[in-house]
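Residue numbers (this note's numbering), protein chains in the order written: chain A, 1 to 447; chain B, 1 to 272.
Errors might be hidden in some of the hints.
Said to hold, decoys possible - Label pairs and their in silico Cβ distance ranges: (1) A:D317 to B:I196: 50 to 58 Å; (2) A:N183 to B:L153: 18 to 26 Å; (3) B:I200 to A:P288: 54 to 62 Å; (4) B:G31 to A:D419: 36 to 44 Å.
Stated by the list, open to error - Under the rule of at most 30 Å between Cα atoms (straight-line distance), these lysine-lysine pairs were calculated in the DSS-like manner: (5) A:K158 to B:K242; (6) A:K61 to A:K335; (7) A:K158 to B:K29.
To be verified - Below, a sample of chain B positions facing chain A; criterion: calculated Cβ distance under 7 Å: (8) P112; (9) E114; (10) V175; (11) L234; (12) R239; (13) K241.
Bear in mind the hints are in silico, worked out from the structure with no lab data behind them.
Quick caveat: nothing in here was measured; it's all calculated off a predicted structure.
The beta carbon of each residue, even a glycine, is placed where N, CA and C say it ideally should be.
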Amino acid sequence: MDIILVGLSHKTAPVEVRERLSFSGPQLTESTLKLRAYEEILECVILSTCNRVEIYTTVEKPELGVARVKDFLHSCQPDMPLDGITQHLYTHKNEGVARHLFRVASSLDSMVIGETQILGQVKDAFDSALLNKTTGIVLNKLFKKSISVAKRVRTETKIGESAVSISFAAVELAKKIFSNLGNKTGMLIGAGEMGELAAQYLVNSGIKEIVVSNRNYDRALHLAKAYNGRVVRFEDFLEEMVNVDVVICSTGAPNYVIHAEHVQDIIHKRKNRPIFLIDISVPRNIDPDINHIDNVFLYDIDDLQAVVETNLRTRRDEAEKGEQIIDEEVGKFTKWFKSLEVVPTIVALKDRVEEIRRKELERTVGRLRSLSPEEVQIIEGLTNTLVNKILHNPLVALKLEAHSTNGLLYAEAVRKLFDLDIKLVERGTGETTINDEENIENDNSNH
Amino acid sequence: MLNILFFKIALAVYFVSTASFLYYLISRKEGPKRYSFGITGLGFIFHTAALLTRTIEASHIPITNLHEAMSFFSWALVLAFLLIEYKYRIYVLGSFVLPLTFISLISSAALPMEIKMLDPMLQSAWLGVHTIFAVMGAAAFSIAFLAGLMYLLQDWLLKSKRFNILYHKLPSLDVLDDLNYRAISFGFPLLTLGMITGSIWAEYAWGTYWNWDPKQTWSLILWLFYAAMLHGRLSIGWRGKKAAYLAILGFIGVVFTFVGVNMLLQGKHTFV
Numbered sequence: 001m002d003i004i005l006v007g008l009s010h011k012t013a014p015v016e017v018r019e020r021l022s023f024s025g026p027q028l029t030e031s032t033l034k035l036r037a038y039e040e041i042l043e044c045v046i047l048s049t050c051n052r053v054e055i056y057t058t059v060e061k062p063e064l065g066v067a068r069v070k071d072f073l074h075s076c077q078p079d080m081p082l083d084g085i086t087q088h089l090y091t092h093k094n095e096g097v098a099r100h101l102f103r104v105a106s107s108l109d110s111m112v113i114g115e116t117q118i119l120g121q122v123k124d125a126f127d128s129a130l131l132n133k134t135t136g137i138v139l140n141k142l143f144k145k146s147i148s149v150a151k152r153v154r155t156e157t158k159i160g161e162s163a164v165s166i167s168f169a170a171v172e173l174a175k176k177i178f179s180n181l182g183n184k185t186g187m188l189i190g191a192g193e194m195g196e197l198a199a200q201y202l203v204n205s206g207i208k209e210i211v212v213s214n215r216n217y218d219r220a221l222h223l224a225k226a227y228n229g230r231v232v233r234f235e236d237f238l239e240e241m242v243n244v245d246v247v248i249c250s251t252g253a254p255n256y257v258i259h260a261e262h263v264q265d266i267i268h269k270r271k272n273r274p275i276f277l278i279d280i281s282v283p284r285n286i287d288p289d290i291n292h293i294d295n296v297f298l299y300d301i302d303d304l305q306a307v308v309e310t311n312l313r314t315r316r317d318e319a320e321k322g323e324q325i326i327d328e329e330v331g332k333f334t335k336w337f338k339s340l341e342v343v344p345t346i347v348a349l350k351d352r353v354e355e356i357r358r359k360e361l362e363r364t365v366g367r368l369r370s371l372s373p374e375e376v377q378i379i380e381g382l383t384n385t386l387v388n389k390i391l392h393n394p395l396v397a398l399k400l401e402a403h404s405t406n407g408l409l410y411a412e413a414v415r416k417l418f419d420l421d422i423k424l425v426e427r428g429t430g431e432t433t434i435n436d437e438e439n440i441e442n443d444n445s446n447h
Numbered sequence: 001m002l003n004i005l006f007f008k009i010a011l012a013v014y015f016v017s018t019a020s021f022l023y024y025l026i027s028r029k030e031g032p033k034r035y036s037f038g039i040t041g042l043g044f045i046f047h048t049a050a051l052l053t054r055t056i057e058a059s060h061i062p063i064t065n066l067h068e069a070m071s072f073f074s075w076a077l078v079l080a081f082l083l084i085e086y087k088y089r090i091y092v093l094g095s096f097v098l099p100l101t102f103i104s105l106i107s108s109a110a111l112p113m114e115i116k117m118l119d120p121m122l123q124s125a126w127l128g129v130h131t132i133f134a135v136m137g138a139a140a141f142s143i144a145f146l147a148g149l150m151y152l153l154q155d156w157l158l159k160s161k162r163f164n165i166l167y168h169k170l171p172s173l174d175v176l177d178d179l180n181y182r183a184i185s186f187g188f189p190l191l192t193l194g195m196i197t198g199s200i201w202a203e204y205a206w207g208t209y210w211n212w213d214p215k216q217t218w219s220l221i222l223w224l225f226y227a228a229m230l231h232g233r234l235s236i237g238w239r240g241k242k243a244a245y246l247a248i249l250g251f252i253g254v255v256f257t258f259v260g261v262n263m264l265l266q267g268k269h270t271f272v
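Please construct the entire structure, taking both the sequences and the accompanying hints into account.
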């Protein structure tokens, strides 16, 4: 059995392709069940976000499985030519799938490295598959592992630590000036999209109050309602600055609306209490010279962009550490996955019992020195019969289940019950598996 | 001399914790702060043991010469740091407190350490009380100075828009300004008490409460300075950058009153 992944992401496909192939809501359940209904597909999970569509499956024969998944994607978008879909797809197998999913869940493969949304999306995809009962032991383990790996990456690196959007960077800066936003007031002047977003972040960070000032009074009223704040007439916002601590300015004005002499006066009236001015308007609305006034901190959009750049760099550095963690976890998962194989389990079980039989036989024969060679042979025959009779049923059952997902459960149970240490043979083509199997047949007939 | 042994161990441990805290300041990791803090705690235990054994060996509070005063000052500084840590968790403060502690302690180590017989004039219960208040006040003002230093650093980083490790490590301006204020409002009553107990002791020893000894004069200047600073903050907004500069200026005065007066000016306070 192999795990395969067929998918596309923002790295391989443009949004026009991604949006057509994505699955949403009820469509997802229906498609998952349809995919699972194919004979070749043993387990499946569909992960569909705006940046990626990925289909995780376990199959008996990988080549056939990949082809089947491609057919399936084609059947979902019949008016797209198969080639047109295939050119955007990547495929991974076994270890490669584990590495890919771990990277995706840990947000190392995301457009914005370290964003947190993707982990929730992975969880949702897995939950949906669980609900539809399209997964089995392998994908369950793989997805649970991916979630714990993502958490490990998040706690052991600083990948998600710093702000990577301009609006959020502004809030982070505010926290380096005012420790506690809970007793601070913010003011939004004008109403650009980014300004509104920054104000929303301030509200989410627990700022005491948001004051809104806008040339359009109705618009201001509407926004103030959204933030649970109050409105100040546009003519009065300068006076109001004496009472507010964070000012987000994004009017569409073509020139400066806040001048240095205004702020000098304001800071004097504020008795030097610091004020944080964020100018996210282009062209700028606040005179840049204001930054030279003591206890005034002025940031324009380029400054905030610089913060974001630095933070992104930090995230990329941290991502390297994340890759190391993932290497380690992929190793663990691969070991587990290989140990699931029924054939090596059978071999290991037989080896184990044979070893016990041989040791005990040697001990007994060693103690009974007076035995004749014939008697030794009889005792050996007895032990052989015992072992074979005891092992007969388990081995038959294991072999019967070798090609179903249940077989993995059996194999795992046997491995635990007998404390088997399975030698990790390189997983190659199907041929070696068959050969192994033949060997067992031969071994069996020898006894 | 058990106290000297403990003192030397404390000095060595503080050396390690200073290095560790400085490493934390430039390290991307948060891990080093725990070790640094732990090592500092260990140093404090040894230093406390050194002071206790010295008190027993000398059979009086050991703040009677410059070595002892500097040693007790270091102890009070770390005590203040540990208390602040317990309450506010500003680990990075250690990266500033520990170097100062170490400088003060190593200067103390460079001075004559042996216990001397106490001048009969100084043998009074007021001695211990006066010196403890005075030195602890100095430690509180030192914390305000360090908070001011950190404030100016963070202010500069924010103004010049440098988002380096230091920017991430240093707490917010609000926290630093608050620490500055609290340290001074803690140090000010200690200084006041130190001066009151000092004059009572002066009455016993010299027969007069106040005799314009240089140390007394400078303490009075300091007292007026810090009183003005507290008043200025509450009434006319001497906060933020201005308060940080004033705390640094105040500290220079503290150092001068503490050590400089003895070296440069003649007076009755020659012992400390």
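Checked hints:
no.: 1; hint: A:D317 to B:I196: 50 to 58 Å; verdict: holds (57 Å)
no.: 2; hint: A:N183 to B:L153: 18 to 26 Å; verdict: holds (25 Å)
no.: 3; hint: B:I200 to A:P288: 54 to 62 Å; verdict: holds (59 Å)
no.: 4; hint: B:G31 to A:D419: 36 to 44 Å; verdict: holds (37 Å)
no.: 5; hint: A:K158 to B:K242; verdict: violated (35 Å)
no.: 6; hint: A:K61 to A:K335; verdict: holds (20 Å)
no.: 7; hint: A:K158 to B:K29; verdict: holds (9 Å)
no.: 8; hint: P112; verdict: violated (45 Å)
no.: 9; hint: E114; verdict: violated (48 Å)
no.: 10; hint: V175; verdict: holds (5 Å)
no.: 11; hint: L234; verdict: violated (10 Å)
no.: 12; hint: R239; verdict: holds (5 Å)
no.: 13; hint: K241; verdict: holds (5 Å)
Hint check: violations occur at hints 5, 8, 9, 11; the rest are consistent with the structure.
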